[in-house]
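*Asks:* Listed here are the chains, written in short residue letters.
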Amino acid sequence: MKKGHRSSILIIVALLLLVLLPAYISSSSYTIILISNILMYVVMAESWVIFSGPTGYISLAPAAFFGVGVYSSAILGEVLPLPVVILVGGIASFILAYLVGSATLRLKGMYFTMFTFGLVELIRNLVHWWEVNVTGTVGRLIASEDPLVVFYAMVVIFLAVLAVSWLIGRSKFGLALRGIGESEEAAAHSGVNVDRVKAVSFGVSAFFMGLTGATMCWRWSYIDPTTAFNMQYSFMPVLMAIFGGMGHLYGPVIGATIFALLEELLTTKFPYYYMLIFGLTMIVVIRFMSSGLEGVIEKWRKVGKGGAEGVAHDAGKR
Amino acid sequence: MNILEIEGLCKYFGGLSAAAGVDLHVAEGEIVGLIGPNGAGKTTVFNLVSGALVPDSGSIRFKGIAIEGRKPHEIRRRGIARTFQAVKVFSNMSTLDNVLLGHLFGGAEQQAMTDSARRETEEILEFVGLKGMKETRARDLILANQKRLEVARALAARPHLLLLDEVMAGLTPTEVASSMDLVKKIRETGVTVFMIEHVMKAIMSICDRIVVLHHGEKIAEGTAQEIVQNRTVIEVYLGE
Amino acid sequence: MILVRILDIVIGGLLTGGIFALIAVGFGLQYGVARVLNIAHGEFIMLGAFCAWTLFTKAGITPLVSMIICAPFFFAIGYVIYRILYNPLRSSSASPAVFEGNSMLASFGLLFVIQNVALLIWGAPVKGYTYLAFPVNVLGAVFSANRIVTLVVSVILGSAFYAFLMSTRTGKAIRAAAQDPDAAELMGVRISRVLALCFGLGAMMAALGGLLLSMTSIMLAPVMGMQYTLIAIIVVVLGGLGNIKGSFIGGVILGLVGYIVSSVQPGLSMVAYYVIFLFLLLVKPSGLLGK
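Each protein sequence line maps, in turn, to chains Z, B and X.
Last residue of the first sequence: 321 in this note's numbering, with the numbers rising by one and none dropped.
Last residue of the second sequence: 314 in this note's numbering, with the numbers rising by one and none dropped.
Last residue of the third sequence: 615 in this note's numbering, with the numbers rising by one and none dropped.
For the record, the hints were derived by calculation from the structure and aren't laboratory data.
Cβ atoms here follow ideal geometry from the backbone N, Cα and C, with glycine treated the same way.
Keep in mind that the hints are not guaranteed to be accurate.
Said to hold, decoys possible - No farther apart than 25 Å at their CA atoms in a straight line, the calculated lysine to any residue pairs in the SDA-like style are these:
(1) Z/K111 with X/A383
(2) B/K208 with Z/S186
(3) Z/K111 with Z/A17
(4) X/K451 with X/A383
(5) Z/K302 with B/M207
(6) X/K382 with X/Y453
(7) X/K569 with Z/L110
(8) X/K569 with X/S491
(9) B/K208 with Z/K111
(10) Z/K305 with X/S417
(11) X/K451 with X/F467
(12) Z/K111 with X/R414
(13) X/K608 with B/D130
(14) B/K208 with B/R144
(15) Z/K175 with B/R232
(16) Z/K175 with B/R144
Claimed, not checked - Which chain B residues face chain Z? A few, computed with CB under 7 Å, are given here:
(17) H147
(18) L175
(19) M187
Assemble the whole structure, with the sequences as input and the hints as a guide.
*Replies:* Here you go:
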């Protein structure tokens, strides 16, 4: 077990360096903004895996929770200090997810997925209608925040989601989640309050998505329902998590980083092709690499290390 | 004292009555067998008791308290555990983790994940004879061991009543024999056993009492001797 | 006067509902039989609409004729996509549940690909055309002729499909596969072929639905597909999975609701659909007519 602890800590230190170093070396705000963007996707992907990874319920709702965070910031941003505003965004998303989850998670997996698919559109339409009919203006302006502040906030959120993800994985709660993923009926009959565990984990996952939305929107100057509740924020994390792999903590990190960099490259060089490339990648990954990049990496590691050592490094899993 | 009392239990699926007014009881410390032709409603009764299904009418009393309609995890925490006809182990988790889950969540008082919890789990594994395989992934176990694993998981957190659903199906004669020994060992620890079984040899030799179901109703009840000589039972089985 | 108002609502709802029904039947075929939750279903609708636009504005071919040209084309595309993408997935998935998840995610990728291709071909700016836009008086309520045509065609297509399902050998094979693919295979049904057929038919119906929709002067854009996928999902759940008649009735009901809500509070129709969806899922997920 000790060996496992060591490698996890090493990974986290490495990640911290990776994240903070470029920001110091290159004083350009482009790098800071780029890394913030990458961290946004990493956090979204990692938090998506917190719930959807072990349980196997494919949620397409991340955009809804991201958007709730965005709007929390927009509405409360002038009134409360930044850290509080961001936290409120996270909490609001948690509550929404917990309520929605309690109501819909007893559905069969596919019905749940269909439901979450529509949830984003529902909220977007609702907010839009509200803005048209009640507040009178669609969209609102928000003050921009220093990119460095956003960057540091994202670093903190990134570390937090990794920590929470890791803790869940080693806890009783994580055990219950995995049991639910294997057989809900057996888990329930073993004493697990399946509905509550699912709703809470869905809520925790949404919490970080809300935090992210509430943080990232400070880089935009204008928000409206379409930009806040954009389906991309649902599709991309799912794509990244599948591509990177969901069994270990680093899977979504790698997947999200690669895709975020790819997106950055493609939107500047080939803006008309990036959806195509992402879509094809998704198809190829699902068809041929069902455990994602992680699966490939783990297979290579196990072949290299062999037997007993394989068990120790499994401690770095979620 | 009767640990389990079922009265007038009914469950309908569309036009079909899976349980049509079942009356039976299980006394504390007994090993009671539940037999009957396929489709008699045996697993339905188990599902109703364990909370997997909600009865349409009738009552189920466990230690005197009505439990019909409660959720499976509540019933488990009250002290009724079960295994399944089609083995439902947590395939990709280790043998230890399978039982640990039952140990942490299955009792009236929830347990924390500590080293002592792990040790207690290992003891359960030893009790059923799986100690050497605690790190093996459940899906890599042979069927007989998967069934033992399910029993171990059910025994975690000390249930008072254990429902075994065809725990000996698909086992070789040797495996059946050691399974029978395990059931007896379980009763000796104070757990009441209620078992559905098709392997007649097992039922006849270890059960104190046998209840026979047919078309969702109890048609006979008694000791192995009595059942074997019961004309209705013979007709029902020969007629199938 | 009230009678006219009611008639207006009922017929208006039917007109909207007819297309919803057609779209839903196609989706239902793909999910109910082939077990593919095709999130990209709406993209085929979009493609059908754009094909109609192109054929009409560039070649002067009327939408009704375009239907005859496009139908086999989209059927073939759907068939091929199933064979090269979903069928291998079916074999490589560890269980039906895994396959459902994987095929949904693969449809995801397909959605991206198709939308991007449409963007490349037709560009982002919104398009539209008008055809048969003259008003027609139906029992006192006035509607645009093209909408009535879409209802008529939807009903014809739906009935034709129903007849196909019930009377032909292939139709029976499809019904068998919907009930129990393994049993059907044992009885000699070539499962991969039948499932590919279903997928192709589903894609074809989606495209035809899109084609009909485009006739009613709606705004065409590469991103228009998703809302229809959602509607298809809701209708299928409303009518009961695998139930053709149910999909039709569900489509009509949803169309009615949408029409009523739109006339009272425009912009809330999607919300209304969704509330119905949520209500259904919680109360009777097997649908109004499901078992």
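*Asks:* Decide, hint by hint, whether the structure agrees.
*Replies:* For each hint, the structure was consulted:
A hinted pair counts as satisfied when its Cα atoms are at most 25 Å apart, and Z/K111 with X/A383 does not qualify at roughly 47 Å. For the suggested pair B/K208 and Z/S186, the alpha carbons sit about 20 Å apart, so the restraint of at most 25 Å is met. Restraint check for Z/K111 and Z/A17: not satisfied, since their Cα atoms lie roughly 40 Å apart, outside the 25 Å limit. Simply put, X/K451 and X/A383 have alpha-carbon atoms about 16 Å apart, close enough for the 25 Å limit, and the pair holds.
A hinted pair counts as satisfied when its Cα atoms are at most 25 Å apart, and Z/K302 with B/M207 qualifies at roughly 23 Å. For the hint linking X/K382 to X/Y453, the alpha-carbon distance of about 11 Å falls within 25 Å, and the restraint holds. With a C-alpha separation of about 24 Å, the suggested pair X/K569 and Z/L110 falls inside the 25 Å cut-off, and the hint holds. Under the criterion of a C-alpha separation no larger than 25 Å, the hint pairing X/K569 with X/S491 is consistent with the structure, at around 15 Å.
Between the alpha carbons of B/K208 and Z/K111 the distance comes to roughly 32 Å, so the proposed pair goes past 25 Å and is violated. Taking the CA atoms of Z/K305 and X/S417, the gap is about 23 Å. The hint holds against a cut of 25 Å. Under the criterion of a C-alpha separation no larger than 25 Å, the hint pairing X/K451 with X/F467 is consistent with the structure, at around 22 Å. Restraint check for Z/K111 and X/R414: the C-alpha separation of about 20 Å stays at or below 25 Å, so the hint holds.
Restraint check for X/K608 and B/D130: satisfied, since their Cα atoms lie roughly 18 Å apart, inside the 25 Å limit. The suggested pairing of B/K208 with B/R144 is violated, with an alpha-carbon distance near 33 Å, which exceeds 25 Å. About 19 Å separates the Cα atoms of Z/K175 and B/R232, which keeps this hinted pair within 25 Å; it holds. Among the hinted pairs, Z/K175 with B/R144 is consistent with the structure: their alpha-carbon atoms are about 24 Å apart, no more than 25 Å.
Restraint check, B/H147 versus chain Z: the minimum CB separation of about 5 Å is within 7 Å; hint holds. With a least beta-carbon distance of about 5 Å to chain Z, the hint placing B/L175 at the interface is held under the 7 Å criterion. A hinted interface residue such as B/M187 counts as satisfied when its beta carbon comes closer than 7 Å to some beta carbon of chain Z; here the least separation is about 4 Å, so the hint holds.
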